[in-house]
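So the sequences go chain by chain: A and B. Whatever position you read off the first sequence (first residue = 1), add 224 for the numbering used here. Whatever position you read off the second sequence (first residue = 1), add 1 for the numbering used here.
It is worth saying that the hints were derived from the structure and are not from the lab. Just so it is clear, CB atoms sit at the ideal spot from N, CA and C, and this is done for glycine as well. Please note that a few of the clues may not be correct.
Unchecked claim - Listed below are several chain B residues computed to face chain A (Cβ distance under 7 Å; list not exhaustive):
| # | residue |
| --- | --- |
| 1 | Leu211 |
| 2 | Gly213 |
| 3 | Thr214 |
| 4 | Tyr215 |
| 5 | Asn226 |
| 6 | Arg228 |
| 7 | Ala229 |
| 8 | Leu233 |
| 9 | Gly234 |
| 10 | Lys341 |
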Amino acid sequence: MHVELKNIHKHFGKVHANKDICLNIPSGSIQGVLGENGAGKSTLMKILSGFIQADTGSQIILDGKPVVMHSPADAIRYGIGMLHQDPLDFPPMRILDNFLLGLPGKFFPNQKKAMQDFNALAKEYGFALDPESYVDALTVGERQQLEIMRLLFLGAKILILDEPTTGISAAQKEKLFATLKKLAEQSITIIFVSHKLEDVESLCGQVAVLRAGELVGELKPPYVTAKFIEMMFGKAITLGEKQSLAQTELTLLLDNIALEDARLKIKGVNLEVRAGEVIGLAGMEGSGQDLFMRACAGLARTVGGRIQLKGQDLSGKSYHVFKRKGVNFLPAARLEEALVPGLNLMEHFILAERPAGIFIDQTAGEKLAEERIRAFNIRGAPLSKIESLSGGNQQRAELALLQTPLSLILLEHPTRGLDIESVIYIWSKLKERCAQGSAVIFISSDLDEILQYSDRILVFFAGQVSQPIDASKTNVEQLGQLIGGKGWANYA
Amino acid sequence: MLKARLKGLALQALAMALAFGAVSLILISAGASPLEAYQNMFFGSVGSTRKFAEVLVAFVPLLLATAGLLVTFSAGLWNIGVEGQVVMGAIVTTWVYRLFLESALPPALIISLAILGGMIGGAVWAALTGLLKTFGGVNEIFGGLGLNFVATAWTIYLIFGPWKRPGVASMSGTMPFPDEFSLPLLANLRISPWALALALIAIVIIYFLLQGTYFGLKLKAVGKNFRAAYLLGIPTWRYSLYSFLICGALAGAAGAVQVAAVYHRLIPSISSGYGYLGLMVAMLINYQAIWAIPVALLFAALNIGSIQLPIMMKLDSSLSGVLQGALVLFVLLMEGVRQKIVKRAP
Numbered sequence: 225m226h227v228e229l230k231n232i233h234k235h236f237g238k239v240h241a242n243k244d245i246c247l248n249i250p251s252g253s254i255q256g257v258l259g260e261n262g263a264g265k266s267t268l269m270k271i272l273s274g275f276i277q278a279d280t281g282s283q284i285i286l287d288g289k290p291v292v293m294h295s296p297a298d299a300i301r302y303g304i305g306m307l308h309q310d311p312l313d314f315p316p317m318r319i320l321d322n323f324l325l326g327l328p329g330k331f332f333p334n335q336k337k338a339m340q341d342f343n344a345l346a347k348e349y350g351f352a353l354d355p356e357s358y359v360d361a362l363t364v365g366e367r368q369q370l371e372i373m374r375l376l377f378l379g380a381k382i383l384i385l386d387e388p389t390t391g392i393s394a395a396q397k398e399k400l401f402a403t404l405k406k407l408a409e410q411s412i413t414i415i416f417v418s419h420k421l422e423d424v425e426s427l428c429g430q431v432a433v434l435r436a437g438e439l440v441g442e443l444k445p446p447y448v449t450a451k452f453i454e455m456m457f458g459k460a461i462t463l464g465e466k467q468s469l470a471q472t473e474l475t476l477l478l479d480n481i482a483l484e485d486a487r488l489k490i491k492g493v494n495l496e497v498r499a500g501e502v503i504g505l506a507g508m509e510g511s512g513q514d515l516f517m518r519a520c521a522g523l524a525r526t527v528g529g530r531i532q533l534k535g536q537d538l539s540g541k542s543y544h545v546f547k548r549k550g551v552n553f554l555p556a557a558r559l560e561e562a563l564v565p566g567l568n569l570m571e572h573f574i575l576a577e578r579p580a581g582i583f584i585d586q587t588a589g590e591k592l593a594e595e596r597i598r599a600f601n602i603r604g605a606p607l608s609k610i611e612s613l614s615g616g617n618q619q620r621a622e623l624a625l626l627q628t629p630l631s632l633i634l635l636e637h638p639t640r641g642l643d644i645e646s647v648i649y650i651w652s653k654l655k656e657r658c659a660q661g662s663a664v665i666f667i668s669s670d671l672d673e674i675l676q677y678s679d680r681i682l683v684f685f686a687g688q689v690s691q692p693i694d695a696s697k698t699n700v701e702q703l704g705q706l707i708g709g710k711g712w713a714n715y716a
Numbered sequence: 002m003l004k005a006r007l008k009g010l011a012l013q014a015l016a017m018a019l020a021f022g023a024v025s026l027i028l029i030s031a032g033a034s035p036l037e038a039y040q041n042m043f044f045g046s047v048g049s050t051r052k053f054a055e056v057l058v059a060f061v062p063l064l065l066a067t068a069g070l071l072v073t074f075s076a077g078l079w080n081i082g083v084e085g086q087v088v089m090g091a092i093v094t095t096w097v098y099r100l101f102l103e104s105a106l107p108p109a110l111i112i113s114l115a116i117l118g119g120m121i122g123g124a125v126w127a128a129l130t131g132l133l134k135t136f137g138g139v140n141e142i143f144g145g146l147g148l149n150f151v152a153t154a155w156t157i158y159l160i161f162g163p164w165k166r167p168g169v170a171s172m173s174g175t176m177p178f179p180d181e182f183s184l185p186l187l188a189n190l191r192i193s194p195w196a197l198a199l200a201l202i203a204i205v206i207i208y209f210l211l212q213g214t215y216f217g218l219k220l221k222a223v224g225k226n227f228r229a230a231y232l233l234g235i236p237t238w239r240y241s242l243y244s245f246l247i248c249g250a251l252a253g254a255a256g257a258v259q260v261a262a263v264y265h266r267l268i269p270s271i272s273s274g275y276g277y278l279g280l281m282v283a284m285l286i287n288y289q290a291i292w293a294i295p296v297a298l299l300f301a302a303l304n305i306g307s308i309q310l311p312i313m314m315k316l317d318s319s320l321s322g323v324l325q326g327a328l329v330l331f332v333l334l335m336e337g338v339r340q341k342i343v344k345r346a347p
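Using the sequences and the hints given, assemble the complete structure.
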């Protein structure tokens, strides 16, 4: 289906989120939409998929006909389906039930027919999904596959994908891209929203770049990375020299630890982490790195072995004991696990300071908040509610909550969903901590990030943990293989 | 900002109008004049000093229960068990009085001990709900509801069993206590200034506890995001239990006042439903302590004013409950409408 966006405007209060955007997307093409966080990509896609309405005067034209959509259900009737960053499914239900959801309503769905349709569709695209199993057992990549199938089955002729490569493995990404190319051949229009240059470069036939709500320009292959960055940020950005700040003092000692959860068993991990050192944890989601990290924080119980922090044995102790000894854990799910929606920035800083006394010192609190807001370059005021901040600013706020001093900082996906500028900023703050003697262990699904910022890397595969790998002596290809379970002979 | 606030106030006024409108329709369909009914309720509550004193008698336990519930709501807990905690407060107060029936201690001391006992009783009963939740994985709504039935059944058992009146047990309750066991009342009225002071002090303390203390802030963090509060270093389970203890103590105080200042004995319906009514007040004021006094006073006035209805108009006094329920529903509805408007505003 041919999509034309004409003079799209959208105001949120004083914020002009989309400024006069015009895009022409031919049927069967793969259109990239690139921009940093807050550039207006999500707003534009939400308008196209019926989640929000554009200001009056904006026009959406499908195959030459102007359409007005009031809801995502309207959009799917016109053939527009959106795959969200977090798949919109119901984990405790069967795959087949999820597939049936949203189908035009019959009170008693025909399970048998649906099963046949499901299997036929899965076969066509080479997805190995068992309709009888449950969604919570799937990886993010498989949940995307399910969602794509559901949208196609609903008759989607335009597929919008919002940051689909966050949180999936390299192998799953390849598969996704192959599927998308196949769909485009069947004249389905693909709109691919991302802030990752390499993804856009390897997939899209043309790329629209947004900055501060405006369409800066469109590029066609062959792509020049530097040109993209200049258009996204209005200036050139480089990652900077790789630097190691590891010191000699031993911070964390893992002695033959064993871990278990419902799905995985990890055995016999030994690791010594020095002050100032950065350890990157690589692996497909759910390969054991999250369990390992939570064990380092005292949030998951070890079933064997010892954990020592600066010579003190902390095995079997709770997170609060770890925290008192200088361990901080920042989870990936910001609004679910790390921050308290409904409380403002100042209240967060006050809580993190573990204040003594009974009555809240408002003036001191505001002073503290203003200091932190300045130091961490947060766009917000002391009394801004945390949920009103953008993702990047929430991440900065999380960093600003870290205690001082710290022995060990544990981070899950510290820069997931953030643009390059924010990524560089956050790592500069973390490296400051390293210089002060904090060790850092972090999980990331971005191998470039792991190679750039770690001193040593642990790779996880189905509960196996590699020997620490020197980050300066490896590369994306080798790590990719290890993550996929190949080439373990030298590292197990 | 100001405009948004005005809009909010307008919607609240609309909610009130709708609630009264809905109840008026019910009255008209029953063949009664709404105006006459409201008039009766109004003069039945503030028409004389005596009647207003009765309103205050209802206001005291209602405000105490509401004050307690503000704490559990802040901690994100639905303390439905507040009703049973009121009852437990009354039971323990009665028990302490019975211990000192023959004692020569000064009555003021005995009264203080009895009320303190009631508070502890309520707190222990609430803690039971909290422990069931913490260590047994029983949702506080189910645990609280179950314990409410246990507390009520226990009252009946005590009245008809171990504490029955000499001679024959009766629904009218246990033997009344001697006069000196009563909290001092105002001359010729049934209201005790001590009880009123207790309730007002309680709500003021709760207001400052929630607004201005680190304890209150931590409690709110636990209520709004249990997981993040834990990661921020707050001992979450302990704070949940603290909130149960505080709410239970205040609910227990409500029960204690019912025995020490109102009924002077244990009766089967000693709580008069003030626990449940407190839940309504807390919801109506959207968990903001500052509104607790006027709204609790209004609800108490509706309760007392409606007593006139069967006398004057042969209507059932439960009309006040209908009106209270309608108020809560419409105010919550308008809150939903307001949020929709806020979201849609460009």
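- Does the interface hint hold: is Asn226(B) within less than 7 Å of chain A, judged Cβ to Cβ? holds (4 Å)
- Item | Status of the hint placing Leu211(B) at chain A (closest C-beta pair under 7 Å) | violated (11 Å)
- Let me know if the C-beta of Leu233(B) comes in closer than 7 Å to any C-beta of chain A, holds or violated. Where the cut-off is 7 Å and the nearest Cβ of chain A is about 5 Å from Leu233(B), the hint holds.
- Item | Interface hint for Ala229(B), Cβ within 7 Å of any Cβ on chain A | At 5 Å from the nearest chain A Cβ, Ala229(B) passes the 7 Å test, so the hint holds.
- Task: Double-check Arg228(B) for me: the hint is only fine if its C-beta lies closer than 7 Å to a C-beta in chain A.
- Result: holds (5 Å)
- Message: Let's test the interface hint: is any C-beta of chain A closer than 7 Å to that of Gly213(B)?
- Response: It holds, given that the least Cβ distance between Gly213(B) and chain A is near 5 Å, below 7 Å.
- Identify whether the interface hint at Thr214(B) stands, where standing means a beta carbon of chain A within less than 7 Å of its own. holds (5 Å)
- Is the interface hint for Gly234(B) satisfied, with its Cβ closer than 7 Å to some Cβ of chain A? Result: holds, 5 Å to nearest chain A Cβ.
- Item | Hint check: 7 Å Cβ-Cβ cutoff, Lys341(B) to chain A | At about 14 Å, which exceeds the 7 Å cut-off, the nearest Cβ of chain A leaves the hint on Lys341(B) violated.
- Taking the closest Cβ pair, is Tyr215(B) under 7 Å from chain A? It holds, given that the least Cβ distance between Tyr215(B) and chain A is near 6 Å, below 7 Å.
Going down the numbered hints, you'll see the structure goes against 1 and 10, while the others check out.
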